[in-house]
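Same order as they appear, the protein sequences are chains A and B.
If you read the first sequence in our numbering, its first letter stands for residue 20, the second for the next number, and so on.
If you read the second sequence in our numbering, its first letter stands for residue 5, the second for the next number, and so on.
Warning: the hint list may mix true and false statements.
[What the hints assert, rightly or not] Okay, the calculated beta carbon distance ranges per label pair:
| # | chain 1 | residue 1 | chain 2 | residue 2 | range |
| --- | --- | --- | --- | --- | --- |
| 1 | A | S43 | B | E51 | 26 to 34 Å |
| 2 | B | L129 | A | D94 | 47 to 55 Å |
| 3 | B | T174 | A | R166 | 38 to 46 Å |
| 4 | A | A66 | B | L129 | 41 to 49 Å |
| 5 | B | T174 | A | A69 | 50 to 58 Å |
[As the list claims (entries may be wrong)] Per the computed footprint, the stretches of chain B lying under chain A, defined by three or more beta-carbons under 8 Å from a beta-carbon of chain A, are:
| # | stretch |
| --- | --- |
| 6 | 42–48 |
| 7 | 55–66 |
| 8 | 104–114 |
| 9 | 162–173 |
[Said to hold, decoys possible] Residues from chain A that keep clear of chain B, each with C-beta distances beyond 12 Å, as calculated:
| # | residue |
| --- | --- |
| 10 | C56 |
| 11 | R70 |
| 12 | L76 |
| 13 | I80 |
| 14 | A84 |
| 15 | F88 |
| 16 | S136 |
| 17 | Y140 |
| 18 | E148 |
| 19 | K150 |
| 20 | A189 |
| 21 | P195 |
| 22 | G202 |
| 23 | L213 |
Derived by calculation from the structure, the hints in this document are not laboratory data.
C-beta: ideal position from N, C-alpha, C; glycine also.
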Amino acid sequence: MTTDALPLDDLVACPQCDTLHRASALPDNARAHCQQCGIVLMTSQPAAMARILSLALTAFIMMIAAVSFPFLTLDAGGLHNATSVIDAVLAFNDGYAFPLAVAVAFFIVVIPLMRLSALIYALGPLVREKKPRQGARKAFALAERLRPWSMAEIFIVGVTVALIKVAGLAAVTIGPAFWAFAGVVVITVLKDQLICRYSIWEALDKATA
Amino acid sequence: MGSAGQSHGLITARDAGLVACQQCGQVHPLHARICKRCEGRLRSRDEESLQKVWAWLIAGMIAYIPANVYPMLLTSTLVERSESTIIGGVVELVEYGSWGIAAIVFIASVMIPVGKFIAIVYLALSVQRRSIANQHERHKAYEVVEFIGRWSMIDVFVVAILSALVQLDTIATINPGIAALSFALSVIFTMLAAQAFDARLIWDANRTRQ
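Using the sequences plus the hints, can you model the full thing?
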C-alpha cells in the first residue's frame, strides 16, 4: 500500500465508533453528526477562529485577576481572614495532603492557564492569516487533551457549597477575584463550544501548505 | 447534516483498510503508526483498552473505601472538635435545612462515583461478551460517564476552600482530613478508567471482521 495521501484527506472517521464518512463543506452554523453513533463530527461557525482567540485572551487576563485579588474574606468574633485562590490551594500543604495541593493547583489554575496559552499560541497566527508557529499542532493537541482535567467550573460550584456551609458560622464577603473566576468559567464554556477540532486541524493544514 | 456519508452500508475505517487518528480525525492507511498531521499515535483499536479500564477502575474503587470511612473535614471550635465524613457532611447540611446543597454534595460524592463504577463495569463486561444489545444506549452511557465524572471533584474543592477560609485561630479552624486525598485519587483513577475505554469496541461486536 502506498501513502496516496490525497483521497484520504477527504475522509473523516468517527473517533468514537470508527465509521467512515466523506467530508464535505458545511453551510454556516451547521453540524455534521456521525451516522452510526450520532456524535458531532464537525461544526461550522463563521469567524469561529477569531472568536475563540478573543475569548481565550479574555479568559487568560481574567484568570490572572482571579489569582491576584482576594477571593473571599471571613469575619467572625473580631477575627478576619482573607483568602485568595492560591491560599485555597495551599490549604493542603501540610504533610500527607501535599500531593493534593499540587493536584488542586493544577486543576483550577495551572491547567486552565496552560490550555488558554496553548490555544492563543496555536490560533493567534491563523487569525492574522499567517503561517502557524512552530509547535502549533502540539500546542493545540495538548489543549484538547487537557480539556477534561481543567476543572475551574467545578471549583466555582465547590466554592458555592462551601459558602453555604460557612454562612451560619461567620460573615463571608465575596471579593473581586470571585467574580473574575466566575467570568473565566463562563467564557471558557463559550469558547469550548466554538471549538471544532476538525475545522481547526484543517485550518492548521491549510495555513502550513 | 453536512457529512455526505452514505446512510446505508456504513463501513468502518478499519474495514476500508484505514486507520483514523483519534486526536485530529486524519485518515491514514492501516499500517501507519504516527499521524502525519498531529504526530499522535495511531491505533485502529486499543487492544489493551479493557485491561487498562479494569486496572484504573479497581484502583478507583479501592480508593473510594477510605474516602468514605475516614474524615473529610476536621473542625475545631472554642467548644468542640469534630470530624465529618462525606456522608456526615451531607447529614449536617440536611440538619441546617440546606436541602439543595445537601443534594448537590450527595449527588457529586456518592451517586456519581457509585453510578460511574456500575456504568464502567457494565460497559467493560458487555464489550468482553461481544454483546450487540443496546449499542446506542451503551454509547450514551459512555458519553455521560466521560462528561460527568469530573464533577465528583466538588467535595475536594469544598474542603480546600473551607480549610483555607476558616482559619480563625482559637475560635474556629477547619482542616482537611485524609479522606480528601483518597477521594481525589478515586475520582482521578475513575476518570482515567473512562478515558482508557475505547468506545469503538462497543460498535465492533456486530461488525463482520473477526
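Verdict for T174/B, R166/A (Cβ pair) under range 38 to 46 Å: holds (44 Å)
Just checking, L213/A versus chain B, shortest CB gap more than 12 Å? holds (17 Å)
Please verify that the nearest CB of chain B lies beyond 12 Å from E148/A's CB. holds (20 Å)
Would you say the C-beta atoms of L129/B and D94/A sit inside 47 to 55 Å of each other? holds (54 Å)
Check on P195/A being off the interface with chain B, judged by Cβ distance over 12 Å: holds (16 Å)
Non-interface claim for A84/A: all C-beta distances to chain B beyond 12 Å? holds (18 Å)
Annotated coverage of the stretch 42–48 of chain B by chain A, confirmed only when three residues or more have a Cβ within 8 Å: With 4 residues close enough to chain A, the hint holds.
Status of S136/A, Cβ more than 12 Å from any chain B Cβ: holds (18 Å)
Given as non-interface: C56/A, which should sit over 12 Å from chain B by C-beta: violated (5 Å)
Does the Cβ distance between S43/A and E51/B fall inside 26 to 34 Å? holds (33 Å)
Exclusion check [I80/A not at the chain B interface, CB over 12 Å]: holds (23 Å)
So G202/A supposedly isn't at the interface. Is its beta-carbon more than 12 Å from every beta-carbon in chain B? holds (18 Å)
The structure fails hints 7, 10, 20 (numbered hints given earlier, in ascending order).
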